[in-house]
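Chains as they are written, first to last, in my numbering: chain A, 1 to 80; chain B, 1 to 580.
Just so you know, these hints were derived from the structure itself, not from any lab.
Please read these numbers as outputs of a predicted model, since none were measured by experiment.
Even for Gly, the Cβ is constructed at its ideal location relative to N, Cα and C.
Mixed in with the good hints, there may be bad ones.
[To be verified] Residues from chain A that face chain B, not an exhaustive set, calculated with beta carbons under 7 Å:
1. Ser27
2. Asp31
3. Leu41
4. Thr48
5. Phe54
6. Tyr61
7. Gly65
[What the hints assert, rightly or not] Calculated lysine-lysine pairs in the PhoX-like style (CA-CA distance at most 25 Å, straight line):
8. A:Lys34 to B:Lys524
9. B:Lys486 to B:Lys524
10. B:Lys506 to A:Lys34
11. B:Lys469 to A:Lys34
12. B:Lys570 to B:Lys460
13. A:Lys34 to B:Lys578
14. A:Lys34 to B:Lys283
15. B:Lys533 to B:Lys486
16. A:Lys34 to B:Lys106
17. A:Lys34 to B:Lys570
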Amino acid sequence: MKTIEQIIDEILNLASTHFNVDRASLSPDDDFFKTLGIDSLQALSLLTRLENHFSVELPDYEVQGVSDFRTLAERIEARL
Amino acid sequence: MPNNSQPQVVMVDLSQQQSLGSALREALDRFADETCLIEADRERENHRLTYRQFKEMALPLAAFMQARGFKADSRAAIIMTNQSRWLASAYAIFHAGGVLVPLDYKLNAYEHIPLLAHSKAEILITEYHFWRSIKQQNPDPAHLPPTVIVTDVPKNADLMGAIRWDEAKAEGEPAFVPRTRQDWACIVYSSGTGGRAKGCVLTHENYLEQCASLTALYPFWPGVRYLSILPTNHAIDFMVGFIGPFVCGATVVHLRTLRPEFVREAFTRFKITYVALVPLILKNLQAGLEQRFAELPPLKRFVFNQLRALNKAMTKQQPNLNLSRKLLKQVHEAFGGELRAIFTGGAFSDPQMLQFFYDLGIQVGNGYGLTEAGTALTLNDFKPFRCDTVGKPLPGVEAKIINAGEDGIGQVAVRSKTVMSHYLDDPELTNETIVDGWLITGDLGRFDAMGHLQLFGRAKNMIVTEEGKNVYPEDIESAFEGLPVKEFCVFAANYVWPERSMLGEKLIIALRLNEGQQFTEELKQDLIRRNAKLLNFKRISGYVIWDADFPRTASMKIKRFVLAEEIRAKFDRQAALKEL
Chain A
1 MKTIEQIIDE
11 ILNLASTHFN
21 VDRASLSPDD
31 DFFKTLGIDS
41 LQALSLLTRL
51 ENHFSVELPD
61 YEVQGVSDFR
71 TLAERIEARL
Chain B
1 MPNNSQPQVV
11 MVDLSQQQSL
21 GSALREALDR
31 FADETCLIEA
41 DRERENHRLT
51 YRQFKEMALP
61 LAAFMQARGF
71 KADSRAAIIM
81 TNQSRWLASA
91 YAIFHAGGVL
101 VPLDYKLNAY
111 EHIPLLAHSK
121 AEILITEYHF
131 WRSIKQQNPD
141 PAHLPPTVIV
151 TDVPKNADLM
161 GAIRWDEAKA
171 EGEPAFVPRT
181 RQDWACIVYS
191 SGTGGRAKGC
201 VLTHENYLEQ
211 CASLTALYPF
221 WPGVRYLSIL
231 PTNHAIDFMV
241 GFIGPFVCGA
251 TVVHLRTLRP
261 EFVREAFTRF
271 KITYVALVPL
281 ILKNLQAGLE
291 QRFAELPPLK
301 RFVFNQLRAL
311 NKAMTKQQPN
321 LNLSRKLLKQ
331 VHEAFGGELR
341 AIFTGGAFSD
351 PQMLQFFYDL
361 GIQVGNGYGL
371 TEAGTALTLN
381 DFKPFRCDTV
391 GKPLPGVEAK
401 IINAGEDGIG
411 QVAVRSKTVM
421 SHYLDDPELT
431 NETIVDGWLI
441 TGDLGRFDAM
451 GHLQLFGRAK
461 NMIVTEEGKN
471 VYPEDIESAF
481 EGLPVKEFCV
491 FAANYVWPER
501 SMLGEKLIIA
511 LRLNEGQQFT
521 EELKQDLIRR
531 NAKLLNFKRI
541 SGYVIWDADF
551 PRTASMKIKR
561 FVLAEEIRAK
571 FDRQAALKEL
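Starting from the given sequences, assemble the full structure and let the hints guide the process.
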């Protein structure tokens, strides 16, 4: 079972690769729209990467209104 | 599938219909064996219903509602993502003579509660997770409808007083409750989540007239497949993703997951005929296509560009779908090969983007409308295509420019059978908005010599995001309550410093500091923290420090217009506005 810290770390790694952003510039409580400079559609594309990585299905409503990495990690953890 | 070059257009005469309920009821019988709804979730197809099956799905719910005392003019709210049960619930409400309150599912629970209370809905039909979020707010039970029906309930979930949708059934045929054209059909909230609720009361006539004019321009028929992506609570999808296709026997396709890859796949998988998209998604599609074109090998790219130029030249005066499909076969096949038009609205569309699609032979039905006036007031007519306007007024719509300046630009005012009856429980606001029968839109525009409407900005204090979200500054001020300053006020930047543009609109906050107070880093961080709690499209992006008390009315409300004028008179935008 992964810890929440592990999940956050893996999300930050994936986001960094997916959007070509320096990993060191990302923190768990960052607003990913702002930090990554992405819109809602680009955020959805990240979700698909995360689903594949963690082998979970995240319904759209589960991530509606979520804008920081930590909450996103919590939603994933709840479905692992 | 029908032959798209010669569509079997269904002639629908709505002039004899008195209500949405009667129009839909007739369609359910007339097209009983046609496919009505397809619902997919990722690669899975949840179900496919005929009009007969849809009726069998909706009527037991109507009977249940009637058994609970739901009658003519009773109100029922829906908070659901796009899915079959949204439409079945709406039909059940209309069948029972009720008034539908379609609430935006993208709002938060704390925003839903005041709207539910304001609407006085007797029944709420929602998905379980929305209901859970509402209950987590511990709302006053008096603010919630007494009957709550929930879909998508996880196993062993605590229903918290709600009833499962599958169990909300009653025996026997529910009575069809006739309504007249002047009766209320829907209460649609254009704003008011944090301030003054603006519940637009739209009548059956509003919708029937809108449906007649739109389906005359963009006909539906059995076999047509409309991909429903915009929220069904939104005026556009409600009309072109429910009422329009249903009265003509067409098929509506719902996707439970709106990730770009599943949406893209849906075009080819379901051979989509029409879709409505907000400009942001269109822009995304454009970027994807441009990337694919750029990746073509040089020779193929050269041939493609020649064909695109040829298509552009051949369709300059009017569209020729069959020709475009032949010339640019691969592009059209990527959209499933059956796409006839994309509707866009809810926000301003970049003309260059519209031209990009038109040059590929993909018509984008670009128009202009607002919740207070149904779905659309103007629409481009492709005679010929114009990317720089929002088209001409639809049949039955009178439009004029009031208080025009020397450049001819002024406020757009409209009169039409599609204009709402009034704002719910707010005669004062209604009288400010509908003057002598004319709806004052608050948008700035001008008609050109061809009768096309061009938009140039807003006279009202609001913004519309590229995702089609209307954001009213008053509605987000509660996020800044308790900020350690003397007073504050949120504005649309263009309201303070008008710009002749519909793009890149921003919200700002004007701060009046306490005597001797400095704008410190600590205060800035406080602003940032509060801002981050708002949904991303509602966030402010800058601030202005104002050095005088805000002008207020006798009842201590801020005189926003006066304050905006004072700020404008003293500061120019560049000098005063600091980025947050």
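Which of the listed hints are not met by the structure?
Per hint list: 1, 5 and 17 violated.
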